[in-house]
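Peer 1: Now for the letters of each chain:
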Amino acid sequence: MDDKKIKELIQSDRSAPEAPLNEWAQINAKISVKRTSKTSFKYFAGAFACCLILFALNTEFFFSSGDQELNEAVAEYVLEDLYFDNEDLYAWVD
Amino acid sequence: MLKKLTSYFYLSPTEDVLDEFEQIYREHREYVRHVLYWLVRSELIDELVQETFIKAWKNYGDFKKESHVKTWLYRIARNCALDFIKKESRHNNENREEISDNADLEMKDLISKALMALNLEQREVFILYYKFGHTTKEISEILKVKEGTVKSRLSYSRDKVKNFFSENGVLDG
Numbered sequence: 219m220d221d222k223k224i225k226e227l228i229q230s231d232r233s234a235p236e237a238p239l240n241e242w243a244q245i246n247a248k249i250s251v252k253r254t255s256k257t258s259f260k261y262f263a264g265a266f267a268c269c270l271i272l273f274a275l276n277t278e279f280f281f282s283s284g285d286q287e288l289n290e291a292v293a294e295y296v297l298e299d300l301y302f303d304n305e306d307l308y309a310w311v312d
Numbered sequence: 748m749l750k751k752l753t754s755y756f757y758l759s760p761t762e763d764v765l766d767e768f769e770q771i772y773r774e775h776r777e778y779v780r781h782v783l784y785w786l787v788r789s790e791l792i793d794e795l796v797q798e799t800f801i802k803a804w805k806n807y808g809d810f811k812k813e814s815h816v817k818t819w820l821y822r823i824a825r826n827c828a829l830d831f832i833k834k835e836s837r838h839n840n841e842n843r844e845e846i847s848d849n850a851d852l853e854m855k856d857l858i859s860k861a862l863m864a865l866n867l868e869q870r871e872v873f874i875l876y877y878k879f880g881h882t883t884k885e886i887s888e889i890l891k892v893k894e895g896t897v898k899s900r901l902s903y904s905r906d907k908v909k910n911f912f913s914e915n916g917v918l919d920g
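Chains as they are written, first to last, in the numbering used here: chain A, 219 to 312; chain B, 748 to 920.
No lab work stands behind these hints: they were computed from the structure. Ideal placement from N, C-alpha and C gives every residue a C-beta, glycine not left out. Heads up, a few of these hints could be off.
Unchecked claim - Partial list, derived from the structure: chain A residues whose beta carbon lies under 10 Å from chain B:
id: 1; residue: 221
id: 2; residue: 230
id: 3; residue: 241
id: 4; residue: 274
Whenever a hint applies, use it, and build me the whole structure from the sequences.
Peer 2: Pasting the structure below:
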């Protein structure tokens, strides 16, 4: 049996199951489901990222404003008269 | 590039991309169906055809237009077929038993049996060469293997199929 004979034999077999009539509709439906879930995920991911950014900004603002308030309180305490009134408590210093 | 960007950032793909893909489906569905049928030799290939095109759609953004659509689809179909064959060999498909138990084999069944005696690598080279008429050079490009490898797989599969046909009294001489 030569190459030509094998080719003829294989080519003679034209069997293959028929495609269903609504094949594209089925594929399209599955693609659409995937598209929807992909889109939903993108929405979710986007919203989540925004929340994270807002949270990070808020946290920074909260902490930085807290530090500022503390610094101001310390400065106020150091400069106010009460501090100098307690001077004798530290008489051993000089 | 624009397609990649849109596929990443878009919230719904433009309809013309889907139309373009549908066009590819319409042009190549028969080829994909035949490739899958010849690789797995099963009537149950509807799911595989769908799976192939769904995977193709998922990767459509990465598909480079320089490579041939047919080659691209072949590779996806081949992977789907490979998964199917692995699953099938685990579940020991009843259809295979039916073919092997039938004493009066028709030519179609004989070809199926001859092909199933080859492993997937040999089978696909054999099919691409004898059924789809590709040259060994083209096959080496499709499968991304050396032409020498294609030739050796082809030689081995040819001998095996020849022996099988001879044993079953098909077209001697």
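Peer 1: Now tell me, hint by hint, if it's right for this structure.
Peer 2: Now for the hints, and whether the structure bears them out:
1. 221: 8 Å, holds
2. 230: 7 Å, holds
3. 241: 7 Å, holds
4. 274: 23 Å, violated
In this structure, only the earlier hint numbered 4 is contradicted, and the remaining ones agree with it.
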